[in-house]
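Chemist: As they're listed, the protein sequences go chains D and R. Last residue of the first sequence: 268 (our numbering), numbering continuous. Last residue of the second sequence: 268 (our numbering), numbering continuous.
Misleading hints may appear alongside valid ones.
No more than 20 Å apart at the CA atoms, straight line, and that leaves these computed lysine to any residue pairs for SDA-like [claimed, not checked]:
#, chain 1, residue 1, chain 2, residue 2
1, D, Lys102, D, Gln150
2, D, Lys178, R, Leu207
3, D, Lys215, R, Tyr182
Computed far set for chain R versus chain D, every beta-carbon distance over 10 Å [what the hints assert, rightly or not]:
#, residue
4, Leu41
5, Asp62
6, Asn77
7, Gln198
8, Leu207
9, Met227
10, Gly235
11, Gln252
Okay, the calculated beta carbon distance ranges per label pair [what the hints assert, rightly or not]:
#, chain 1, residue 1, chain 2, residue 2, range
12, R, Thr234, D, Asp85, 49 to 55 Å
13, R, Thr99, D, Thr38, 49 to 55 Å
14, R, Asp68, D, Ile185, 58 to 64 Å
15, D, Ser148, R, Asn231, 54 to 60 Å
16, R, Gly52, D, Met227, 24 to 30 Å
17, R, Asp184, D, Tyr201, 26 to 32 Å
18, R, Thr99, D, Asp85, 52 to 58 Å
Worth flagging that the hints you see were computed from the coordinates, not collected in a lab. What you are looking at is a predicted structure, and each value in this text was computed from that prediction instead of being measured. Beta carbons: idealized from backbone N, C-alpha and C, even for Gly.
Number of protein chains: 2
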Amino acid sequence: MAPPQQVEDEAFVTLATSDTYALGSLVWGQSLRRVGTTRKLVVMITPGVSHGIRQQLGSVFDLLEVVDVLDSRDTINLGLLERPDLGVTFTKFHVWRLTQFKKCVFMDSDTMVLQNIDELFEREEFSAAPDPGWPDCFNSGVFVLQPSLQTYQNLLAFAMTVGSFDGGDQGLLNLYFKDWAYTDIQKHLPFIYNVVSQAFYSYLPALKQFGANIKVVHFIGPVKPWMHKYNTATGEVIPEPGTGHHGTFLQQWWNIFMELVQPKMDPT
Amino acid sequence: MAPPQQVEDEAFVTLATSDTYALGSLVWGQSLRRVGTTRKLVVMITPGVSHGIRQQLGSVFDLLEVVDVLDSRDTINLGLLERPDLGVTFTKFHVWRLTQFKKCVFMDSDTMVLQNIDELFEREEFSAAPDPGWPDCFNSGVFVLQPSLQTYQNLLAFAMTVGSFDGGDQGLLNLYFKDWAYTDIQKHLPFIYNVVSQAFYSYLPALKQFGANIKVVHFIGPVKPWMHKYNTATGEVIPEPGTGHHGTFLQQWWNIFMELVQPKMDPT
Ligand SMILES: O=c1ccn([C@@H]2O[C@H](COP(=O)(O)OP(=O)(O)O)[C@@H](O)[C@H]2O)c(=O)[nH]1
Ligand SMILES: O=c1ccn([C@@H]2O[C@H](COP(=O)(O)OP(=O)(O)O)[C@@H](O)[C@H]2O)c(=O)[nH]1
Ligand SMILES: [Mn+2]
Ligand SMILES: [Mn+2]
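Turn these sequences into a full structure, and let the hints steer you where they fit.
Modeler: Here is the structure:
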């Protein structure tokens, strides 16, 4: 059987502003390769990402796009979220500048793909899944968009005038695409495309019922998969307590990391 | 100005299977009266509700409907939820038997109405708001339905054959009305019509941004508003730790309770 046709003008895109987030990008990219995506894989990096990591990214991704850091500098609202680091997530908006693609699916580097999700390209801008914290907001860790310099400019202007209610990209995108909750059910991605960690403890029977359908896991919060401890002797991850990360999914993340990422790390 | 026209064939309905849940029903009913609803108020009670409480319910509600207890007896899934008490919530299904009404809005007795919500009667069966735990499920604490003996029979048959994935009414209704997540955005009530307690800590910036729009608060979980301590000297509620209940809303619940419910309690 011939391999499925590659699609040149659609891309999965992620972002890494540091070598540590790039570890997430690498696992994410490998998770998409493993499920046989037919779309391009793009990582946007900022100047702070090191040479060694860029080389490894180059072996997994079709395109490395160097972008500037955009920062919200909204310490008050980021404080409410207890995530001073999140202002930098405005850098995501650069994805709208990738106009060589007709459509993109942006995904956070702390997500992992479990099943092929190429059908997401049937959706239009702006599609995203509900955020469990306040489900009339979408979670901005997975979204479908149409690159456009005009939209990029509009987002920057909006950032200056209106800003973000949480200091991060999610609080801005939810104000910008404010009709999302009420207008078009097609723009509501099913939750299985962005199952955030808190779903693993907040409604266990639903996880049991729908867990086999999960296509994307999203390790939200300050503790990321790469911050857990890993026992090289047993090959088992030792989850930090209190993160809400699910042991099985965390183990899958580490399996990809140890098999496909770690062996190619620059030893220096 | 003439008072708004009363609507005879539409009703807000709640359920109390015990005197304690009836305390919730009373506060809920008073909260709806206070915002000037033009719809009928109905409480379904089971034989276990005492005579004294029935009398007080009678002074607040337009109709007391005595119903049988329906029970799921699914201890395994209720155990996953850590709520063995929830099987009895199948009793809710009796609301479909209230065919003297063209349309009903069912609401849990642990909800409290902050602003008039009569516009909910513009929605069709089956409308509900997303559940933060797994937002492709709706929360069954607030929903719009059309009474029908046929639907009631269908729900009972479904309970026998398929059952509930969480042991409670929510896990059954989500299987029965399984297209809810994907079909019609009009059937997605905005979250402000059923803001469950966990929203008060899981995404604080959203609460700050959208909190003033909240119309219904829902005190989900094993600890109910009436289980908190209250200081009669200061008039202040003392929230139990770890419930996620929001101090301001809890205080509002107790203000209604102390002003309109407690003074009329049977002293015996
Ligand atoms: O210092 C940072 C913070 C974030 N990100 C990128 O922005 C996304 C969103 O941030 P994060 O996932 O930490 O937010 P959360 O999902 O926990 O709210 C990350 O996945 C990365 O792709 C990054 O590159 N560097
Ligand atoms: O022993 C019970 C348990 C529940 N209920 C009714 O069923 C609703 C749903 O149960 P609950 O609110 O406790 O569930 P939660 O919202 O915490 O999941 C309650 O609000 C009551 O109206 C009741 O009357 N008696
Ligand atoms: Mn993330
Ligand atoms: Mn409830």
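Chemist: In ascending order, which of the hints set out earlier in this document are inconsistent with the structure?
Modeler: Violated hints: 6, 7, 8, 12, 14 and 16; rest satisfied.
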